[in-house]
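Here the structure of chain A is known, so what remains is to put chains B, C and D with the ligands in place on it, guided by the hints.
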Amino acid sequence: MRLTFIASEVWQGLRRNISMALAVVIVTFVSLGFLGSAALLQMQVANLKSNWLSKVEVSVFLCPEASNRANCASGPVTTAQQDAIQQVLTTGAVGDLVKQPIYYESKEEAYDYLVAHDKDGYFSQSLTADDMQPVLRVKLKDPEQFQVVADATQNLEGVDVVVDQRDIFKTLFLVLNRATLIAAVLAAVMLLAAVMLITTTIRLSALSRRRETTIMRMVGSSKTMIQLPFMLEGAIAATLGAVLSIVGLWLTVHYLVEDWLASQFKTVDYISASDVLSVAPLMVLIAVGLSAIASLVTLGKYTSA
Amino acid sequence: MRLTFIASEVWQGLRRNISMALAVVIVTFVSLGFLGSAALLQMQVANLKSNWLSKVEVSVFLCPEASNRANCASGPVTTAQQDAIQQVLTTGAVGDLVKQPIYYESKEEAYDYLVAHDKDGYFSQSLTADDMQPVLRVKLKDPEQFQVVADATQNLEGVDVVVDQRDIFKTLFLVLNRATLIAAVLAAVMLLAAVMLITTTIRLSALSRRRETTIMRMVGSSKTMIQLPFMLEGAIAATLGAVLSIVGLWLTVHYLVEDWLASQFKTVDYISASDVLSVAPLMVLIAVGLSAIASLVTLGKYTSA
Amino acid sequence: MIRFEYVTKIYMRGARPALEDVDVTLERGDFAFLVGASGSGKSTFLKLVLREERPTSGHIHVAGRDLGRLASWRVPTLRREIGAVFQDFRLLPNKTVYENVAFALQVIGKGKRQIENTVPETLDLVGLGGKEKRMPHELSGGEQQRVAIARAFVNHPPILLCDEPTGNLDPATSVGIMRLLDRINRTGTTVLMATHDENIVDQMRKRVIELRDGRVVRDQVQGVYGLETV
Amino acid sequence: MIRFEYVTKIYMRGARPALEDVDVTLERGDFAFLVGASGSGKSTFLKLVLREERPTSGHIHVAGRDLGRLASWRVPTLRREIGAVFQDFRLLPNKTVYENVAFALQVIGKGKRQIENTVPETLDLVGLGGKEKRMPHELSGGEQQRVAIARAFVNHPPILLCDEPTGNLDPATSVGIMRLLDRINRTGTTVLMATHDENIVDQMRKRVIELRDGRVVRDQVQGVYGLETV
Ligand SMILES: Nc1ncnc2c1ncn2[C@@H]1O[C@H](COP(=O)(O)OP(=O)(O)OP(=O)(O)O)[C@@H](O)[C@H]1O
Ligand SMILES: Nc1ncnc2c1ncn2[C@@H]1O[C@H](COP(=O)(O)OP(=O)(O)OP(=O)(O)O)[C@@H](O)[C@H]1O
Ligand SMILES: [Mg+2]
Ligand SMILES: [Mg+2]
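Protein chains in written order, with my numbering: chain A, 33 to 337; chain B, 33 to 337; chain C, 5 to 234; chain D, 5 to 234.
This is chain A alone, in the form it adopts within the complex (with noise of 0.2 Å):
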């Protein structure tokens, strides 16, 4: 009895403001949709750094056959230049940095390389094993350490210079993070709109049914049965958009990222519909949340006994 009753006084509160109820709906499904972005272009972010950072590694280039180069003005790189090199990555500070073994890359292996992923054949044509140089791949336990690897090597003799790939990454990641934080920053914007406008929706309702709210305080009733509908109405609009906006965002997810995204660059991990599931049940607890919220300030005023 009291639940088909509390049932249908919330279905009545929803189809009187429906238009509110429709705004609540789609307001808290883009604020939450903006949230559920930014968590996954976090998390994106944290797989392709983990990804990345991993086969981050610094190449320590030495000297070449034929270099007019300073650092090589002494000709191509000794074996006791090599050992020394091999030396100072191994053992000390900078031992305990790198992950052992160092891999050696020979000219040879170089131009195999080379050969292999030159399709056009313009540069394997035109060079031989002798103009490549032999290189230490070294893999580094912390990738941020790069710098110490570095000062640590470049100046030993044979050693032509010293690269690594991070510094390419630096580009994205930070465009990565503003991303982030636009949808963040949208979000929190957002979610203030979708506070106001759940306490909107509830004191309307609440307006608009303030002469059933009067009869139920004159008659007896219990503050519960009193404000429950309404919370209800609250929390069902809310949860109705967080709804929403996880379809949204588990649709952009499955098509846009595992489908195309990964088919046009494959190299690196995306985020799957597996995670957008993950952060699905935070959204749905956040929209609960606000409409919580929004009722404890609202209802107090306008329904109080």
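These are calculated hints, taken from the structure and not from any lab test.
Treat each hint with caution, since some may be false.
[As the list claims (entries may be wrong)] Taking lysine-lysine and the DSSO-like style, the derived pairs with C-alpha atoms no more than 27 Å apart in a straight line are:
id : chain 1 : residue 1 : chain 2 : residue 2
1  : C       : Lys99     : D       : Lys51
2  : C       : Lys51     : B       : Lys255
3  : A       : Lys255    : D       : Lys114
4  : B       : Lys255    : C       : Lys135
5  : C       : Lys116    : C       : Lys135
6  : C       : Lys116    : B       : Lys255
7  : B       : Lys255    : C       : Lys99
8  : D       : Lys135    : A       : Lys255
9  : B       : Lys171    : B       : Lys131
Since the structure is predicted, the reported quantities are computational estimates derived from the model, not experimental observations.
Positioned in the frame of chain A, the structure of chains B, C and D with the ligands alone reads:
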């Protein structure tokens, strides 16, 4: 007298429904923000297209000194072959598509370019001018017509390979176009929310001042006098939202695009903050239009004589 | 001033008429009571005069206008010829006495000068001189109704309609309000008042129009309330 | 049943008290009129009984509860002991007569069985048997007030408060309502009714408590309305 009176009515109305008015401001802010973003993105795409496509050239690589490619089995390109290729590119249907004159880049010029741009000198130290290929750089009147030029030259004697840079922009345009689409869809959804919100705000305002409007009707106030304050309230809130989103877009373009992006990737023509000002009047117009529609829909019912 | 010609009003198809074949004329300067049981159609009569409702059939003339032919954008000019007073006083709670009365002039676009002249004069007339700055909640019910009458009369309309103006007032206060309405009537204003307060009707000895189920069953000069019931 | 011990109510600091030093007791089964001019504090008295307002000083006991000590979450249980009827009938316009009365039981969580038993019984009591399916707008004012009384009484509260229940009704209809209240009083229900309808008070010859400016100036068994004024 009338003006100050109407102004004070509007002010009271806004103050009384402050949270609602703020919600309208925020939602129009965000919705027009999306709309503006969509417009600006589309402008940026147009910019990029006109910018890059005009620079796009079809490069007809001619056979170099030594090559093991099938096309160049008969050795380096001869002057007669070269003239025949030029002939094809300057006359007939193909000639009409091509911007004259065609730029011929000799292998020496190609080598100079390589030396100038290869800072580390990895290649320039091991390559000579003879390793380079002479190229015909063909600019098109309509960059989309690449295939016609390619088909006409591909199989001519002395042509190694025909390359078009346009392909590499395709993905970029695809991404930008999708971003525009998403922004436009979000804008549409949010505009819907904005209309519903403005409707509800006006309705709420009319409800909360029913006593005033009843008295006004009874003492013979004109319809304009009764409805104007409500319409103005909606219009003011919407316009405020529009102004906020213009300011937001301006700041974004100024700091994010003009200052930061432009310093990162210099080669491209970006939209400028003044482009924001060119869409600004339209955005204000849309905001005012929305609130006018909302007023018409709502006010008939709530303040009719 | 007010002429009903065989006016019938049916709110909902199939429902009993709220007014049926009502044929009544009030001349300039008349004072008439509209009496009858609850639901007999008194308020409907007044709403038709104000053109809040339109008759289902019949013609209504008010202040020289044929309401059937009055374009809806001309309704405000009609209403400026009519003052209306209700049972609930309908004052604006956040405005002072002065502002409540001035409001009626502001919203029809009167100038500042005219408002500053007319409002105090009207407040004096209804006996509220010196209470201009009070808020409605600081007044007794009788005083609030006087403010409402001042607001209805400040524009000096030739017609004053009152729908149970003493319904919320105690007998002593009601007598004061009736004296005021009588005074206004003596300035030449036509007063039509719906009521079911028998004491007042009996005391005033004015014209009485009695409605029963929407029909005029009595129209008597110097009548009393319950003639047919007694 | 209702006991006021030197109760004073001041709404706003500095304002004149709405009630001052009121000391009144109503026993179980009493029938009393609360009379007085507009603003004399009648509604305030009833609001204090309902605990809609709290006294500035003094103690109030209602149905065995000390209202000063009643936790606010216990107020609903107090209100279930009190039926309240107002001048404006406060019916829900989109619910039938039956639903309007049933609503009062639904919202305090009564079961379906009980509602189906009690509502028709109460509608019979107030004389609306057979009109269960009408909508409020299809009823006369007197009938609407009967619905409101049925709603107030359907839970058989020991106390019935009425704030000018006949204020919107014509004299004949008012008499019917008074008969109904009298009948309810005879079932043992304490009835307290605020009014300024002198005819009714004079006819009923019940206890009369008169307020003037918030003070009890008369408390008379079998009184009439205007004793001191006459
Ligand atoms: N807006 C409306 N829609 C439908 N019916 C209405 C409307 N207004 C009034 N009625 C009906 O018209 C009839 C006459 O109502 P009216 O309000 O004119 O009576 P009244 O004499 O003023 O009564 P009271 O003394 O209660 O004010 C009643 O039966 C009422 O139900
Ligand atoms: N909520 C309130 N806030 C401030 N003052 C109030 C409030 N309610 C009533 N008053 C004041 O308290 C006094 C008594 O009011 P109350 O409503 O009790 O009178 P009443 O006897 O019921 O009058 P009426 O016959 O007009 O209904 C009045 O002066 C009134 O202005
Ligand atoms: Mg009426
Ligand atoms: Mg009262």
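Consistency of the hints with the structure:
| no. | hint | result |
| --- | --- | --- |
| 1 | C:Lys99 x D:Lys51 | 26 Å, holds |
| 2 | C:Lys51 x B:Lys255 | 19 Å, holds |
| 3 | A:Lys255 x D:Lys114 | 16 Å, holds |
| 4 | B:Lys255 x C:Lys135 | 32 Å, violated |
| 5 | C:Lys116 x C:Lys135 | 20 Å, holds |
| 6 | C:Lys116 x B:Lys255 | 21 Å, holds |
| 7 | B:Lys255 x C:Lys99 | 22 Å, holds |
| 8 | D:Lys135 x A:Lys255 | 32 Å, violated |
| 9 | B:Lys171 x B:Lys131 | 5 Å, holds |
In terms of the numbered hints stated before, the structure departs from hints 4 and 8, listed from lowest to highest.
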